[in-house]
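J.: Listed here are the chains, written in short residue letters.
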Amino acid sequence: MKLVIIGVGGMGAISLSKTIAQMAINKNLSVKSSEIHGIAKKGGLVEVQMKIDEGLSGVVLQKEADIVILLEDLYFQYAKAFLNKNGILITLTKEEKESIKKEFGDIKFANSFILGRFIKKQSIFDKLDAVEVLKNIKFSEKNLKAFERGIG
Amino acid sequence: MKLFLSGNEAIAFGLLEAGVRFISGYPGTPSSEVLPAAVKLAKQFKIDGYFNWAVNEKVAFEETTAASIANIPVAFVAKQVGLNVAMDPYMNTALVGSDGGLVVVVADDPGPHSSQTEQDSRFMAYFAKIPVLEPSTPKEAYLFAKKALNLSRQYKIPVMIRTTTRVSHSKEDIEVGRLSNYTIKAQFNKNTDRYAATPHFRYLLHKQLNEKIEKIKNNEFEIKTYFSGKKLIITSGISFAYLYDIITEYKLTDKLTIAKIDMPYPLNEETLHRLTDKFEEVIIIEEGYPVIELQFRKECKGREDGTVPKEGELTIDVIKSILQKLSIMPEEKSSKLIKPPFKRPSLCPGCGHRTAFYAIKQVFKDDAIYTGDIGCYTLGLNLKAVDTVHCMGASVSFGFGFQKAFGLSNIKKPVVATIGDSTFFHSGITPLIDAVHNNSPFIVVILDNSTVAMTGNQPTPTNTYNEDGSKATPVLIENIVKAIGVDFLKICDAYDFDCMEKALLEAKDYIENYSSPAVLIFRHPCIYTTEGLKNNPRFKRVFVDEQLCKGCKICIENFECPSLIFNGSVVEIDTTTCINCGQCVVSCPFDAIKVEK
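Protein sequence lines correspond, in order, to chains A and B.
Numbering that gives the first Met the number 0 applies: residue 0 is where the first sequence begins, and numbers increase by one.
Numbering that gives the first Met the number 0 applies: residue 0 is where the second sequence begins, and numbers increase by one.
Simulated from the structure, these hints should not be mistaken for laboratory data.
Treat each hint with caution, since some may be false.
Stated by the list, open to error - Keeping only pairs whose Cα atoms sit at most 30 Å apart, straight-line, the calculated DSS-like set for lysine-lysine is:
hint: 1; chain 1: A; residue 1: K134; chain 2: B; residue 2: K45
hint: 2; chain 1: B; residue 1: K1; chain 2: A; residue 2: K26
hint: 3; chain 1: A; residue 1: K119; chain 2: B; residue 2: K1
Remember, predicted model here, so these are calculated numbers, not experimental data.
Okay, chain A solo, but in the shape it has when bound (with noise of 0.2 Å):
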């Protein structure tokens, strides 16, 4: 699977990629990574490119991607660059967002909930993978239910 995440600094899309890294890392399935950031250090564009399962480097190039995972709208169009023919692209409205940030407290459980969406567009991982993985990280009560939210 190709996989990209878009973002900018300090949403969590770095770690988000991570939380995905080890649910495949417990499957035993290669992952590879390669991280792009600008020099501004906030705000600035964050862009993870991921190859599970296949692949030597972690490069996914423009028309490639399964699937792109985009936590700002700002770069809308340059995220639907990377999908393949049959891509999907995955992101949040701002409703969304809002409700999210009212009912958690803050944006970045966002992701998790993002990462349910995700585990219902693919076909390599289930929900037990990520709850896994999500159980242990911090503030994984809150994480799960946001999760458990984005699945639907």
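Go by the hints and put chain B onto chain A.
T.: Frame of chain A; chain B shown alone:
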């Protein structure tokens, strides 16, 4: 145990696992994470050792060489231009050799993404006659780190690991071994013929070095081959990973054979020729300079004949276009790459450097020559208060050179040099000695944020701790400046515009009347450090009074804070990035920017 590690973290793990117990270096992208990763692992696995930053790469290299001669396994870490700084001891260590094992970790930056050059350190290995291992993936970075130390111990020669940005900053699942502590036992067998060799004995050391490299070439060189096509591509490093992915993805396995070289120097040309003679065409694709290609000494396609571009990063897209040009894979319908919306890199909102540059610019306008240096404050470019950026410490020596050149022409031209605290320690002190000694009147502004900010906030010699958290003795910049013999020295908080403006005007007056440099220290901790965070937010709220704002954008143009945004008629504060420091207030001629206490 399987871990998800970056290339740099993998190198740190491999070095520690192989027994390295002394690492020194100087931070520089893309190499900066190796040493902190070693510190973290040492703490986690309770491993004794010395893992800290040195004041610059030359010092770091000499420290590691000595520890290696004391029979401890050691490593030196730097980026490619950092190795340039260490060239003097580096060249000689190759000759003298190592004892406890010495791994030279160098991260190159093709592109370049954040460097002044895109040089290829494998040539530095060739130049010094030491072996170089070039990993293609983080997994290999881990394996090669261990291999490098073992090779070094076996042949008593420093061994280089050369990575590039893409290997250093990629991550991969890696099956790692065990880290365990052992008792470090230093010993030194005195041998002046080797460790204090006079020129008379130097050629003997050179002879020994040549013998070592000949042995390594014959015993250690190997080629790994993949796929079964009629055309052969010789490759190494990240280019191998890219080629492997393209060939499997586009099903070119029966068109191409790949020969992967892990050790590009010393290259065993006989072994290589035995393989290449079987192929109708040989193409060499390697990231950087034609290091393998020049050692190959036979007809081939590559960088020399223009098949591979002579500059820029060898990205997967570039490699694809090379294969298309050679008709190995079909041309794709030309599709434009979509670029992400461009955001100019800028000093962070709340950065003290911005107010300092603003003050400098207010005092000297467009009249001065502004020599800048390497670090976050290179972005003084945006405030038009930086005219030159060359290499570490060059702001001071450039200041000297410009002042003398204009002085010789009897032209009055103020020169203002800006340099960060860590860069001052690294290479700014020696040119300041020259400026005092040779009576050069120009201004040196030391922008002290008490951290190496740009590479990820590593400690500097002014801090009370080093990378491993151990207690360190702070070395004060003002004491050094005074000791050099600088008469004019003023210190201001970089959040205090009035203090800086006054000091700059006095310094201007001083350099017009005296033949000596004036030094100003504008000090404010980086907002990305605990110390810096303590200072903010300074106000409850910073806002623009819409009635007073004329929409002239003077604040945006001159102060250049990303939190100041023009909405079409007036300026607004971007509350998602503003940290309410209130530093922009001074930049509005109509007092439209207000603060709420």
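J.: Hint by hint, note whether the structure agrees.
T.: Hint check results:
no.: 1; hint: A/K134 to B/K45; result: holds, 27 Å
no.: 2; hint: B/K1 to A/K26; result: holds, 11 Å
no.: 3; hint: A/K119 to B/K1; result: holds, 26 Å
Comparing the model with each numbered hint stated earlier shows that all of them hold.
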